[in-house]
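Keeping the supplied structure of chain A fixed, place chain B upon it in accordance with the hints.
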Amino acid sequence: DQQVKQNSPSLSVQEGRISILNCDYTNSMFDYFLWYKKYPAEGPTFLISISSIKDKNEDGRFTVFLNKSAKHLSLHIVPSQPGDSAVYFCAANGGSNYKLTFGKGTLLTVNP
Amino acid sequence: NAGVTQTPKFRILKIGQSMTLQCAQDMNHNYMYWYRQDPGMGLKLIYYSVGAGITDKGEVPNGYNVSRSTTEDFPLRLELAAPSQTSVYFCASSGGIWEPQHFGDGTRLSIL
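Chains A and B supply the protein sequences, listed in that same order. Letter by letter, the first sequence follows residues 1 to 112 in the numbering used here. Letter by letter, the second sequence follows residues 1 to 112 in the numbering used here.
Treat the hints as calculated values from the structure; they're not laboratory data. Because the structure is a prediction, the values reported are computed rather than measured. The beta-carbon is built from N, C-alpha and C at its ideal position, and this holds for glycine as well. A portion of the hints provided could be inaccurate.
To give a feel for the contact side, a few chain A residues facing chain B, derived at Cβ under 7 Å [unchecked claim]:
no.: 1; residue: L34
no.: 2; residue: Y39
no.: 3; residue: E42
no.: 4; residue: G43
no.: 5; residue: P44
no.: 6; residue: F46
no.: 7; residue: S49
no.: 8; residue: K99
no.: 9; residue: G103
no.: 10; residue: K104
Cut-off 25 Å, straight-line C-alpha distance, at most; resulting in silico cross-link-like pairs (SDA-like, lysine to any residue) [claimed, not checked]:
no.: 11; chain 1: A; residue 1: K99; chain 2: B; residue 2: K14
no.: 12; chain 1: A; residue 1: K54; chain 2: B; residue 2: K9
no.: 13; chain 1: A; residue 1: K71; chain 2: B; residue 2: G40
no.: 14; chain 1: A; residue 1: K104; chain 2: B; residue 2: I97
no.: 15; chain 1: A; residue 1: K104; chain 2: B; residue 2: P39
no.: 16; chain 1: A; residue 1: K71; chain 2: B; residue 2: W98
no.: 17; chain 1: B; residue 1: K9; chain 2: A; residue 2: K71
no.: 18; chain 1: A; residue 1: K104; chain 2: B; residue 2: Q85
no.: 19; chain 1: A; residue 1: K56; chain 2: B; residue 2: E99
no.: 20; chain 1: A; residue 1: K99; chain 2: B; residue 2: I12
no.: 21; chain 1: B; residue 1: K44; chain 2: A; residue 2: P40
Far from chain A by the CB rule (all over 12 Å, computed), these chain B residues [said to hold, decoys possible]:
no.: 22; residue: Q6
no.: 23; residue: I12
no.: 24; residue: K14
no.: 25; residue: Q22
no.: 26; residue: Q37
no.: 27; residue: A52
no.: 28; residue: N62
no.: 29; residue: R68
no.: 30; residue: S69
no.: 31; residue: L78
no.: 32; residue: S94
no.: 33; residue: Q101
no.: 34; residue: G106
no.: 35; residue: L109
Excised from the complex, chain A in its bound form:
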């Protein structure tokens, strides 16, 4: 049973445009959400996080939105750059449970 779902295996956008990556979760106990970026042959790199007490968190070009009622979060990248091309993983954990549950990832390709 997938508790964290990334339903789009891939996404292609033009440089300078907005990239929107989506993630849905089923476990209502999840209250801390993270996005990781992964390049080939490297480990995942932490990008941005959000706790359930917020509905938005920004860090430069990256913004994460959380809709608790819909159990949905999204990552917005504006403007997208070719160097953003990577696999993006959504992850979640719940309170005192520090074990992360990962989605399967979305491959983002930003075309010059």
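Coordinates of chain B only, in the frame set by chain A:
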């Protein structure tokens, strides 16, 4: 600034052989984790540790063992390698429940 270091980067094993995947972190983190990533899938937790001398099973622990004698090191042991253990293994560490996990670059393991 090494962060999380994993060795080796690549390894080919024969069925039934054993080996230890090494993981070391220099951030003085109490929490450490082992994940495996199969093609097209998210990361799945194998074992984790909340401090020296304390380890616990994750989602997919069968066929693996761990130990945590120091804060810095968290080796993963495969006793009888099986083809199903062919995967990329990632080690991670974090400073606390509400802190992101930092990953090593992974060990790519093939069992033939």
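To see whether the hints hold, each was checked on the structure:
no., hint, result
1, L34, "holds, 6 Å"
2, Y39, "violated, 10 Å"
3, E42, "holds, 5 Å"
4, G43, "holds, 3 Å"
5, P44, "holds, 5 Å"
6, F46, "holds, 4 Å"
7, S49, "holds, 6 Å"
8, K99, "holds, 6 Å"
9, G103, "holds, 5 Å"
10, K104, "holds, 5 Å"
11, A:K99 with B:K14, "violated, 31 Å"
12, A:K54 with B:K9, "violated, 39 Å"
13, A:K71 with B:G40, "holds, 23 Å"
14, A:K104 with B:I97, "holds, 22 Å"
15, A:K104 with B:P39, "holds, 9 Å"
16, A:K71 with B:W98, "holds, 20 Å"
17, B:K9 with A:K71, "violated, 37 Å"
18, A:K104 with B:Q85, "holds, 18 Å"
19, A:K56 with B:E99, "holds, 18 Å"
20, A:K99 with B:I12, "violated, 29 Å"
21, B:K44 with A:P40, "holds, 18 Å"
22, Q6, "violated, 8 Å"
23, I12, "holds, 17 Å"
24, K14, "holds, 24 Å"
25, Q22, "holds, 15 Å"
26, Q37, "violated, 9 Å"
27, A52, "holds, 17 Å"
28, N62, "holds, 17 Å"
29, R68, "holds, 15 Å"
30, S69, "holds, 21 Å"
31, L78, "holds, 20 Å"
32, S94, "violated, 7 Å"
33, Q101, "violated, 6 Å"
34, G106, "violated, 5 Å"
35, L109, "holds, 14 Å"
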